[in-house]
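All chains should be modelled from the sequences, with the hints used to inform the complete structure.
Residue numbers (our numbering), protein chains in the order written: chain A, 2 to 226; chain B, 3 to 285.
Check the hints yourself; a few may be wrong.
[As the list claims (entries may be wrong)] Once the Cα atoms are required to be at most 27 angstroms apart in a straight line, the calculated DSS-like pairs of lysine-lysine come out as: (1) A:LYS165 x B:LYS198; (2) A:LYS138 x B:LYS164; (3) B:LYS198 x B:LYS157; (4) A:LYS138 x B:LYS157; (5) A:LYS138 x A:LYS165; (6) A:LYS214 x A:LYS138.
To be clear, the hints were calculated from the coordinates, so they are not data collected in a lab.
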Amino acid sequence: MSDPSTPQEILRALYDETLVGNAPRVLELTRTGLDSGMTPESMLFEALIPSLEEVGARFERGDFFVPEMLIAGRAMSGALDVLRPLLADTGADSVGTFLMGTVKGDVHDIGKNLVNIMLEGAGFHVIDLGVQVAPEKFVAAIEEHRPDVVGFSAFLTTTMPMFKANINALTKAGLRDQVIVMVGGAPVTQEYADAVGADGYAADASAAVKRAKELIQRRRSAMTV
Amino acid sequence: MQTILSSATRKVVIGPDEPFCVIGERINPTGRSKFSEQLRAGDLSRIEVDVAQQVDGGATMLDVNMGVPLTDEARLLASAVTMVQGLTDLPLVIDSSVVEALDAALSVYQGKALVNSVTGEQDRLDAILPLVQRHGAAVIALPNEEDEIPDDPRKRLEITRKIIDVATGRYDIPLADIVIDPLAMPVGADTSLVRKTLETIWLIREEFGVNQVVGASNVSFGMPARAALGAAFLPMAMHCGLTAAIMDARTPSLVESVRAADLLLGNDAWGGRWIAAYRAKQR
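What follows is the structure in structure tokens.
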């Protein structure tokens, strides 16, 4: 098989190799694309993101499994490391900063990590606080990083009440109005998100990205009015 | 070390020289949206089916978790425990992170229950261990703290030591009534993690000789052919010192792998139970 050389072939190959999580090949193709004059945006939006979305869709359908999601994400991250500085060069705005963490008492991180991957792919600057993140740690990180959105993840019905505890801590620290709060995780529902006073909820990783963008858009336009 | 649990009429012993304790995981609304809705509406009827299937599957105990958001979990858990005790004489694992729910359920429980669970943070120990002591229950303890689940088995061992010191020292809970959950992590997320869990189980047995339980289904999370993974994991973990698992008791191949390991590890004298189970299936 000959090496891809036209932009169309490179995009196709990037898409295919991301889908199977071939990190070294994705990195190589990214560099080849840049060398041949392709823009970082085209590779990101016409190959990497659609490929990761397909990975997400296959996972939702039960055709893909956790390790396949993770290696695809890793392949994409490798390409992003190369593309990110160039995206900044072209003056493309960062979509926003997203502070993420699994709530105190909960150690599940697979779902959270998948959302992080999708957010990064969509152009977010993601700061991940890891698992078992206590309310005061969220507060301190929000003060330090001033994110647009903070995301609370919980995989257990027993740890979901931490959403409310976290939101109370933000209110007490005077930060509630300064950040969009999103919640998610296997047992979480829209109804529960509303009940605890979150601004947004999404059922899966790609929906989370869409919702985060919408909420940021809404907030920015509200501020400019 | 023998951990003895009971219902009003039946006793179960967890221990290294006992048949492995199969704790049915199914009475739990996590990931079961229809069941959650029913419970929220106060309809507990589905529990009857869950109990019957797990008893048929060969469970030795049943875990009861009623973590339904936006409900009075204390009331729900107490009702469920009373209901399950009316349906089976298997001893129960009472599963909640809400202290009031544990208290309410332990108050109505007939016999000696196993509480699931306490972690290493001081405030959790001080909230849950007095309850365990007051109700004369046993408790599952997880060696994780505030910031992390340590990957390093030695670190988990240190947190285990701290929990055991507090439970036996400050709260007078006998060592035999502390069951450690060394934390089984999903192999799909990182293929080096199960080895670390196995090492941890081994170290904790060598150091403390206590009984150990894991949530076995977590190991195969996000992977295909989950029963086969569980059936490989459990015998390995049993060899290292695992004496119980909260697991899928409705899948025959999984329960069978555990009973095979009982025989292979010398916990089924003359293969009596293995042969009896075979005969029962022939009929």
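We went through each hint and held it up to the structure:
no. : hint                : verdict
1   : A:LYS165 x B:LYS198 : violated (34 angstroms)
2   : A:LYS138 x B:LYS164 : holds (24 angstroms)
3   : B:LYS198 x B:LYS157 : holds (11 angstroms)
4   : A:LYS138 x B:LYS157 : holds (22 angstroms)
5   : A:LYS138 x A:LYS165 : holds (15 angstroms)
6   : A:LYS214 x A:LYS138 : holds (25 angstroms)
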